[in-house]
Amino acid sequence: MSYSKDEMMTVAAARLLTDGTTCFVGIGLPSAAANLARLTHAPDTVLIYESGTIGTRPEVLPLSIGDGELAETADCIVPLPEIFSYWLQGGRIDVGFLGAAQIDRFGNLNSTVIGDYDHPKTRLPGAGGAPEIATHARRIFIVLRMSPRSFVPQIAFRSSGGFFEGGDSRERAGAPGAGPEVVITDYGILRPHPVTRELQLSGIYPGVDPAAAQAACGWPLAIAAELEQIPAPSQEHLDALRALHARTDRAHSTLHPLPL
Amino acid sequence: MSYSKDEMMTVAAARLLTDGTTCFVGIGLPSAAANLARLTHAPDTVLIYESGTIGTRPEVLPLSIGDGELAETADCIVPLPEIFSYWLQGGRIDVGFLGAAQIDRFGNLNSTVIGDYDHPKTRLPGAGGAPEIATHARRIFIVLRMSPRSFVPQIAFRSSGGFFEGGDSRERAGAPGAGPEVVITDYGILRPHPVTRELQLSGIYPGVDPAAAQAACGWPLAIAAELEQIPAPSQEHLDALRALHARTDRAHSTLHPLPL
Amino acid sequence: MELLSLREMIARHVKPGQMLALEGFTHLIPFAAGHEIIRQGIGDLHLVRMTPDLIYDQLIGMGLVRELTFSWGGNPGVGSLHRLRDAVEQQWPRPLAWHEHSHAGMAAAYTAGAAKLPFGVLRGYIGTDLPKHNPQISHVECPYTGEKLATVRAVNPDVTILHAQQVDARGNVLVRGILGATREAALAAKAVLFTVEEQVEKLDAPMNATVIPHWVVSAAAVVKGGAWPSYAQDYYPRDNAFYQQWDEIARERGSFRAWMEHHVLGTADHRAFLQRIGEGRAAS
Amino acid sequence: MELLSLREMIARHVKPGQMLALEGFTHLIPFAAGHEIIRQGIGDLHLVRMTPDLIYDQLIGMGLVRELTFSWGGNPGVGSLHRLRDAVEQQWPRPLAWHEHSHAGMAAAYTAGAAKLPFGVLRGYIGTDLPKHNPQISHVECPYTGEKLATVRAVNPDVTILHAQQVDARGNVLVRGILGATREAALAAKAVLFTVEEQVEKLDAPMNATVIPHWVVSAAAVVKGGAWPSYAQDYYPRDNAFYQQWDEIARERGSFRAWMEHHVLGTADHRAFLQRIGEGRAAS
Numbered sequence: 011m012s013y014s015k016d017e018m019m020t021v022a023a024a025r026l027l028t029d030g031t032t033c034f035v036g037i038g039l040p041s042a043a044a045n046l047a048r049l050t051h052a053p054d055t056v057l058i059y060e061s062g063t064i065g066t067r068p069e070v071l072p073l074s075i076g077d078g079e080l081a082e083t084a085d086c087i088v089p090l091p092e093i094f095s096y097w098l099q100g101g102r103i104d105v106g107f108l109g110a111a112q113i114d115r116f117g118n119l120n121s122t123v124i125g126d127y128d129h130p131k132t133r134l135p136g137a138g139g140a141p142e143i144a145t146h147a148r149r150i151f152i153v154l155r156m157s158p159r160s161f162v163p164q165i166a167f168r169s170s171g172g173f174f175e176g177g178d179s180r181e182r183a184g185a186p187g188a189g190p191e192v193v194i195t196d197y198g199i200l201r202p203h204p205v206t207r208e209l210q211l212s213g214i215y216p217g218v219d220p221a222a223a224q225a226a227c228g229w230p231l232a233i234a235a236e237l238e239q240i241p242a243p244s245q246e247h248l249d250a251l252r253a254l255h256a257r258t259d260r261a262h263s264t265l266h267p268l269p270l
Numbered sequence: 011m012s013y014s015k016d017e018m019m020t021v022a023a024a025r026l027l028t029d030g031t032t033c034f035v036g037i038g039l040p041s042a043a044a045n046l047a048r049l050t051h052a053p054d055t056v057l058i059y060e061s062g063t064i065g066t067r068p069e070v071l072p073l074s075i076g077d078g079e080l081a082e083t084a085d086c087i088v089p090l091p092e093i094f095s096y097w098l099q100g101g102r103i104d105v106g107f108l109g110a111a112q113i114d115r116f117g118n119l120n121s122t123v124i125g126d127y128d129h130p131k132t133r134l135p136g137a138g139g140a141p142e143i144a145t146h147a148r149r150i151f152i153v154l155r156m157s158p159r160s161f162v163p164q165i166a167f168r169s170s171g172g173f174f175e176g177g178d179s180r181e182r183a184g185a186p187g188a189g190p191e192v193v194i195t196d197y198g199i200l201r202p203h204p205v206t207r208e209l210q211l212s213g214i215y216p217g218v219d220p221a222a223a224q225a226a227c228g229w230p231l232a233i234a235a236e237l238e239q240i241p242a243p244s245q246e247h248l249d250a251l252r253a254l255h256a257r258t259d260r261a262h263s264t265l266h267p268l269p270l
Numbered sequence: 004m005e006l007l008s009l010r011e012m013i014a015r016h017v018k019p020g021q022m023l024a025l026e027g028f029t030h031l032i033p034f035a036a037g038h039e040i041i042r043q044g045i046g047d048l049h050l051v052r053m054t055p056d057l058i059y060d061q062l063i064g065m066g067l068v069r070e071l072t073f074s075w076g077g078n079p080g081v082g083s084l085h086r087l088r089d090a091v092e093q094q095w096p097r098p099l100a101w102h103e104h105s106h107a108g109m110a111a112a113y114t115a116g117a118a119k120l121p122f123g124v125l126r127g128y129i130g131t132d133l134p135k136h137n138p139q140i141s142h143v144e145c146p147y148t149g150e151k152l153a154t155v156r157a158v159n160p161d162v163t164i165l166h167a168q169q170v171d172a173r174g175n176v177l178v179r180g181i182l183g184a185t186r187e188a189a190l191a192a193k194a195v196l197f198t199v200e201e202q203v204e205k206l207d208a209p210m211n212a213t214v215i216p217h218w219v220v221s222a223a224a225v226v227k228g229g230a231w232p233s234y235a236q237d238y239y240p241r242d243n244a245f246y247q248q249w250d251e252i253a254r255e256r257g258s259f260r261a262w263m264e265h266h267v268l269g270t271a272d273h274r275a276f277l278q279r280i281g282e283g284r285a286a287s
Numbered sequence: 004m005e006l007l008s009l010r011e012m013i014a015r016h017v018k019p020g021q022m023l024a025l026e027g028f029t030h031l032i033p034f035a036a037g038h039e040i041i042r043q044g045i046g047d048l049h050l051v052r053m054t055p056d057l058i059y060d061q062l063i064g065m066g067l068v069r070e071l072t073f074s075w076g077g078n079p080g081v082g083s084l085h086r087l088r089d090a091v092e093q094q095w096p097r098p099l100a101w102h103e104h105s106h107a108g109m110a111a112a113y114t115a116g117a118a119k120l121p122f123g124v125l126r127g128y129i130g131t132d133l134p135k136h137n138p139q140i141s142h143v144e145c146p147y148t149g150e151k152l153a154t155v156r157a158v159n160p161d162v163t164i165l166h167a168q169q170v171d172a173r174g175n176v177l178v179r180g181i182l183g184a185t186r187e188a189a190l191a192a193k194a195v196l197f198t199v200e201e202q203v204e205k206l207d208a209p210m211n212a213t214v215i216p217h218w219v220v221s222a223a224a225v226v227k228g229g230a231w232p233s234y235a236q237d238y239y240p241r242d243n244a245f246y247q248q249w250d251e252i253a254r255e256r257g258s259f260r261a262w263m264e265h266h267v268l269g270t271a272d273h274r275a276f277l278q279r280i281g282e283g284r285a286a287s
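So the sequences go chain by chain: U, D, Z and G.
Going left to right, the first sequence walks through residues 11 to 270 as the working numbering numbers them.
Going left to right, the second sequence walks through residues 11 to 270 as the working numbering numbers them.
Going left to right, the third sequence walks through residues 4 to 287 as the working numbering numbers them.
Going left to right, the fourth sequence walks through residues 4 to 287 as the working numbering numbers them.
For reference, chain U alone in the conformation it holds in the complex (with noise of 0.2 Å):
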């Protein structure tokens, strides 16, 4: 059984949810890894995204973070507003699943710029439902692949926190969620170190050895004293993520007739 870098990190982050976790989406590899838990072991999963579908059950990964078949298979429908006062911040979110163009010792993302903010080198897309995410859902997890550039000792901008300066600065500075409890790679999965909340590898996926991860890293990469071997995709996961992927692809090619 063979399986790509992308499909093991999909697998080892939708193994993290549990059934009946009320889960906040981002488009791309959080929402397929939510959608393949919900698919799979976990079918009551909860799935919201900040578009306002709340308890959305696509037959396909949605392109956009608002399309069509969010709000055909969601339980309610609410303004965007909504979304963040009364769920996120009202504290009704379990899981936020991130992603980021980088990312540093601390969970802190950065998906704003490259460069300085004003005369920026590269212009990303930016924080859209990210600072809020990382604030109030009770715990966070970052799907993010690993290289020197994404993992990096200095982000360029913080466009949402995960433990600020480390050690209990998240806490003091009045975040109200749990902050970064696992960053999802494609080499291994990391989590912060308890007290000083250095991200650390805890886990790492079959036949991969952590020294080709820490060299990944921008920053000189601890290792858990406990280093977990993750296993691989079973064929059920592997086979419903494919199969979720095929009826993407085929839906997102699909030419519509022009409104004519």
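It is worth saying that the hints were derived from the structure and are not from the lab.
Only a predicted model underlies this, so the values are computations on that prediction, with no experimental measurement involved.
Hints are not guaranteed to be accurate.
Below 25 Å or equal to it, Euclidean Cα-Cα: the simulated SDA-like pairs (lysine to any residue) are [as the list claims (entries may be wrong)]:
hint: 1; chain 1: G; residue 1: K205; chain 2: D; residue 2: A183
hint: 2; chain 1: G; residue 1: K193; chain 2: D; residue 2: G101
hint: 3; chain 1: Z; residue 1: K119; chain 2: G; residue 2: C145
hint: 4; chain 1: G; residue 1: K135; chain 2: U; residue 2: E181
hint: 5; chain 1: G; residue 1: K135; chain 2: Z; residue 2: Y147
hint: 6; chain 1: Z; residue 1: K151; chain 2: G; residue 2: K193
hint: 7; chain 1: D; residue 1: K131; chain 2: Z; residue 2: W101
hint: 8; chain 1: U; residue 1: K15; chain 2: G; residue 2: G82
hint: 9; chain 1: Z; residue 1: K151; chain 2: G; residue 2: K227
hint: 10; chain 1: G; residue 1: K151; chain 2: U; residue 2: E175
hint: 11; chain 1: G; residue 1: K227; chain 2: U; residue 2: P267
hint: 12; chain 1: D; residue 1: K131; chain 2: Z; residue 2: K135
hint: 13; chain 1: G; residue 1: K205; chain 2: D; residue 2: V162
hint: 14; chain 1: Z; residue 1: K205; chain 2: U; residue 2: E82
hint: 15; chain 1: G; residue 1: K135; chain 2: U; residue 2: V162
hint: 16; chain 1: G; residue 1: K227; chain 2: U; residue 2: E82
hint: 17; chain 1: Z; residue 1: K151; chain 2: G; residue 2: K119
hint: 18; chain 1: Z; residue 1: K135; chain 2: D; residue 2: P130
hint: 19; chain 1: G; residue 1: K227; chain 2: Z; residue 2: W101
hint: 20; chain 1: Z; residue 1: K135; chain 2: G; residue 2: V143
hint: 21; chain 1: G; residue 1: K119; chain 2: D; residue 2: P130
hint: 22; chain 1: U; residue 1: K131; chain 2: G; residue 2: R97
hint: 23; chain 1: Z; residue 1: K135; chain 2: D; residue 2: V162
hint: 24; chain 1: Z; residue 1: K151; chain 2: D; residue 2: A183
hint: 25; chain 1: Z; residue 1: K119; chain 2: G; residue 2: G82
hint: 26; chain 1: G; residue 1: K119; chain 2: Z; residue 2: W101
hint: 27; chain 1: U; residue 1: K131; chain 2: G; residue 2: S258
hint: 28; chain 1: D; residue 1: K131; chain 2: Z; residue 2: H102
hint: 29; chain 1: U; residue 1: K131; chain 2: G; residue 2: W95
hint: 30; chain 1: G; residue 1: K193; chain 2: D; residue 2: G30
hint: 31; chain 1: G; residue 1: K135; chain 2: U; residue 2: E175
hint: 32; chain 1: Z; residue 1: K205; chain 2: U; residue 2: E69
hint: 33; chain 1: Z; residue 1: K205; chain 2: U; residue 2: D54
hint: 34; chain 1: G; residue 1: K205; chain 2: Z; residue 2: M210
hint: 35; chain 1: G; residue 1: K227; chain 2: U; residue 2: T264
Fit chains D, Z and G to the supplied structure of chain U, relying on the hints for placement.
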């Protein structure tokens, strides 16, 4: 053609509404007057009840501000908090129609207590929507039967503000709306003096002696330089009002089957 | 969400001393749940409602209420709530502390509660005496314009109880018609209980219907007619005649007590209560 | 409300230098209206949108935009908005000032705008660098708890333009499906314009549907397919394939200009625009 004092008062209030006016309506005489206007000379009056029903066209007068009739005939229904934030405070109401237990010479209203607030002689229902209607509606119409007990020199409690202490004290307090434009009574109509803002008798119903109005007022009621002779209700208005009340009485005395 | 009998739902989730909100603006007032609280004699309550209506008149008159937070305390279209007045004016059957808002203020307090903000902001209470008597009303300065605006302290009930039309097999609840501040009261609370007209396999809910998802509902009970004499849109109308009769029933302490004993304390559940109302109507 | 042609509605209501919001969160984005602004060359605009999307990429690339207020500036599910990037990184075709929020902050700014409050409050921006760069973000202290909370200055566009499914004979507008911040953007604005899929005698609106009443709508224009390549629930789906193609079209200045000239400047109206898109698809 004979008519009652209440009929004269209701028709006088209704006539003040021009077509297309957006009107925030309370239960009782205001609701009767606004619906009478809608059913006669001002069919496009937009009625808004604080229950969240916008653009209602009830066939019978609601007993409560949230009767099903209001929901069934509304253009839309919005949550109650939104009525007060987006619609009233949002500056979208032309006319706020208020009643009260007591009024003072500056159009301030009391619907809270008679006697001391903490140990009241008579506890009244309270302010409800009135304080912010009185603040935000562009124009305020007040409907109240006149007597020395209701038109008083000093109200026991200011539930909602009219012209405060008179003069420009309302404007200085930052209330956006223009304040009470007219008080419709069962003797005639009072309007504020343009400078002092003290209410004066500015119009009198047919056959009513201005001295009788003065006797019914708890403060020395000034009479405007030009006292308007208000015409009697038209047959059309009277017929429509009586039919409305007859329909309403029938509807409210109908015993519905219990939901067993 | 768990589906329980009304008796069990109230017994399990409502405790003496709690802050309770039974909401519904004229529409969908959870009378059956209020009556069950009376039958179980759960007291020392801090009740919150925009419009106390008849159900709070009954709870207050039965001596179960310590505090009341509200914005309009009358019998809609009829007049006074005599039991509320008796409690305020004569401390009967026990003294009542009250915290009084305008509707806009109460709405902002629920909205802040739902958003888990400690306060709400409104351009409100200008020129009124209410802030003098309610320390939950204060002011804040706009950091951009310097304007002074009113604030209200958020309201976060221990339990909010609502009535609605339908619950589905998974526990999602459909609310149709006039909403009042029900959603805000629900989301502001630590626990949310529903009585509903019926359980259905799939909600009769078009896209954009108002649905409370199952995972924010603590428990629900099917109670047909559970809002009577208030109403449930598309099920039964408001019993305006009863609202008018209540004025007479509640005017005197004796007639009030007798009515409550016969109709509420003397019946086992809401169906028996409605039957007794029916018997009275047949006899008159 | 008056029903106009799209050309006349834009000509009459949209002026150079205004603050405009074309809202719709992925769904119901008013593309036809944006294209008409481009055809009429109305410039020097301050554009507001949570997600600038392709339509603002086009307006920016055509040099019509002076300022941008936003919270996420990408091509959803695809990547960058290349014209937005070019304006920010290279000041092409003109410099762009930008005011950046989080989604929660933008939502609070629209909500405050709709409520005509000068600011909105949120427990937000904690530990982020955004407040350092956006003076529209500040803080306020809770008068009850002392907690320091974030504020955002209200957003009140001169004109908000939206797309919706239906307008009825009296001018009421039905919006169905994902709402985003459309109602808040509408109610925050001084004038509200709608393009709609169709005019009907009576809206296909169950109780509690989202309807914008006729008297808050300044003008409406029937534009079939007016949200394409975004979508209109129950009318046509999002053209995800076009969103993916846009990445290639907009990557270079030349290909972008050529595409805009051929498809937008070179067509008289939205129908002609869609026909030209269709011709391109048939040829490929």
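Hint by hint, which ones does the structure fall short of? 1, 9, 13, 19, 21, 25, 26
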